[in-house]
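Asks: Listed below are the residues making up each chain.
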Amino acid sequence: MQLIFEKSRPGRCGFSITRCDVGQEAKIPSPYLRKKECLWPEVSELDVVRHFTQLSQRNFSVDTNIYPLGSCTMKYNPKFTEKAAGIRGFADLHPLLPQLDHSLVQGALEVLYHMDRLLSEITGMDHFTLQPLAGAHGELTGVMLMAAYHRSKGNKKTHIIIPDAAHGTNPASAAIAGYDIVTIPTDKKGVLDLEALKKHVNSQTAGLMLTCPNTLGLFDSDVDKIAAIIHDVDGLVYYDGANLNAMMGRARPGDLGFDIVHVNLHKTFATPHGGGGPGSGPVGVKEHLSRFLPISRVIKARNGSYALDYDYPDSIGYIASFYGNFGVILKAYAYILMLGKEGLKEASEHAVLNANYIMEKLKAYYDLPFDRRCMHECVFSASRQEKKGVHAVDIAKFLIDQGIHPPTIYFPLIVKEALMIEPTETESKAELDILAQALIAAAQLADDDPARFKDLPKTMPISRPDEVKAAKDIRCNFFA
Amino acid sequence: MANQEEYFFTKEHEWVYFEDNVAVVGVAEYAQNALGDITYVELPEVGEDVEQFEQFASVESVKAASDIFAPISGKIMEVNKKLEASPELINKSCYEKGWIAKIQPADLNEKNNLMSQEEYTQFLEGLDT
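In order, the protein sequences belong to chains D and G.
The numbering used here applies: residue 599 is where the first sequence begins, and numbers increase by one.
The numbering used here applies: residue 275 is where the second sequence begins, and numbers increase by one.
In case anyone wonders, no lab produced these hints; they're calculated from the structure.
Note that the coordinates shown come from a computational prediction; the quantities given were computed from them, not determined experimentally.
Using N, Cα and C, we set each Cβ at its ideal position, and we do this for glycine too.
Some hints could be false.
With a straight-line cut-off of 30 Å between C-alpha atoms, the simulated DSBU-like cross-links for lysine-lysine are [unchecked claim]:
#1 D/K1070 to G/K385
#2 G/K337 to D/K959
#3 G/K285 to G/K385
Selected chain D positions facing chain G (in silico; Cβ < 10 Å) [to be verified]:
#4 L695
#5 L698
#6 L702
#7 G766
#8 T767
#9 T781
#10 D785
#11 Y1008
#12 F1009
#13 K1014
#14 E1065
#15 V1066
#16 A1068
#17 A1069
#18 K1070
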């Protein structure tokens, strides 16, 4: 398919700019004026419509196919939330309006205020900031809150403890905030090795970041013990909310001993992501940390009106422009209200049920390194297929030809040839059976005729992109 | 290139052999195979002191980023500059052309903390079960 720049024809135009009927002279200082013509593609409106419609037809999305990408919670994004975000009173708000007059934005402030309350109830925390713009941004905010806490107490803390099963963003966030990383291995049951943890925790421990259930889809029943070990050295326990979809309405991080949590609205609360974004990663804290939360914060006055409050001298300050990705927060808010308490609980239960169904269906065909009841996702290993020369990536390519988005592969790093499957609650049994059948067919083909995998996928415009070249030799600019 | 039996190994799949009292280090076949196509190698600085089993380099592949741990303590004498432009040398020739660094060992007794070729082979067999 051609790029839109390649479709450009000199003089072609899709829009006429109305002649300006107000006399004006451009007074832009010459250093700021363009030296060269702007490189817009010259195309008609129809060219543009066809171009982007054709691109959208090539898109693989949860709206078109099964998308069981592990640790990403690619659940269906219900369309009524788009309607809510499209309400003109919200969609056309200028972000500076609250600075002009709070009375002009009472509805938007009310949404932010109530979202804080709803997320606090769901996670068992006391206060939230809705500003972080994605999960990793929430993590960084969380670690900055930890640092602010230790600074306020004069604690000398140097490292943060992270399990080896964690997402790579955990150590990255902690390192950006200035901490050293101490990695704790996973034990034979597939959860944090408690003995190793005890050995590494000391007075220098600022805190621990834990995904719960972890990236193997397993719930750590020692989570309260882990929190106690960290609290004993005045460390803080951070809940990475990537997998909150496994337990919302059933268990609350705040009750399990966590001090700080982030949630991914774009995973758990059904707003689009994976190219459809943007994301939103609100961070919640227990009362004793709330004075460090970013500003601004929404407060409710006695007369019931809402306002932005900046008067928090211990705050870590600004972490995003304005109030976060408001449209995303609004969609997630609508989703939570629509499902309600029982609905959220049911969503988690079905997510767990679906993952266990897939796990049981595929157990006979793929190695299951941790063979126990899983939560919302299960992690297989293609090590049996690897012996025939078929790798996890080959199985992923096979699935593409079946119209199925591949699961996460090669993560978590502690599982060789990992295939991490998270079906989510929004797939029906019939769809799960299609997914299972495709994976069983892949395992059988690996047995019968492994060579057949090498030129898959066959149905895509590009079969196997050169991943090494893509990583080493990045070219993002068509004109460069 | 040393004889295969002169290599020593770590549990993290680094290898080392000793040539005129200089330790040549790299990553083993198992590690390069698990990592997949390597796209970037972060080399240590010449003159830097490294500790046995502490991180001293890292590699990135199309699948993951991974730390490389020093099989022996000492001072970095030389690094394999070719890996900067051609990190795939580790995939193609992990025991020879893909060597990572040469270390002036601080204490040769640390060899006792490493596995011989035979012990490492047994260790690998244990991993597969």
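Asks: Now look at each hint and say whether the structure bears it out.
Replies: Each hint, compared with the structure:
1. D/K1070 to G/K385: 36 Å, violated
2. G/K337 to D/K959: Roughly 27 Å separates the two Cα atoms, so the pair holds.
3. G/K285 to G/K385: Distance ~13 Å between G/K285 and G/K385 Cα, so the pair holds.
4. L695: 43 Å, violated
5. L698: 47 Å, violated
6. L702: 48 Å, violated
7. G766: Cβ of D/G766 sits 7 Å from chain G, so the hint holds.
8. T767: 12 Å, violated
9. T781: Holds - the Cβ of D/T781 comes within 10 Å of chain G, reaching about 9 Å at its closest.
10. D785: Given a least distance of 16 Å, the restraint on D/D785 is violated.
11. Y1008: 4 Å, holds
12. F1009: Check passed: Cβ of D/F1009 comes within 8 Å of chain G, closer than 10 Å.
13. K1014: 7 Å, holds
14. E1065: Hint on D/E1065: holds, closest Cβ of chain G at ~4 Å, below 10 Å.
15. V1066: 5 Å, holds
16. A1068: 8 Å, holds
17. A1069: D/A1069 check passes; min Cβ-Cβ to chain G is 4 Å, inside 10 Å.
18. K1070: 5 Å, holds
Violated hints, in rising order: 1, 4, 5, 6, 8, 10; the structure is consistent with all others.
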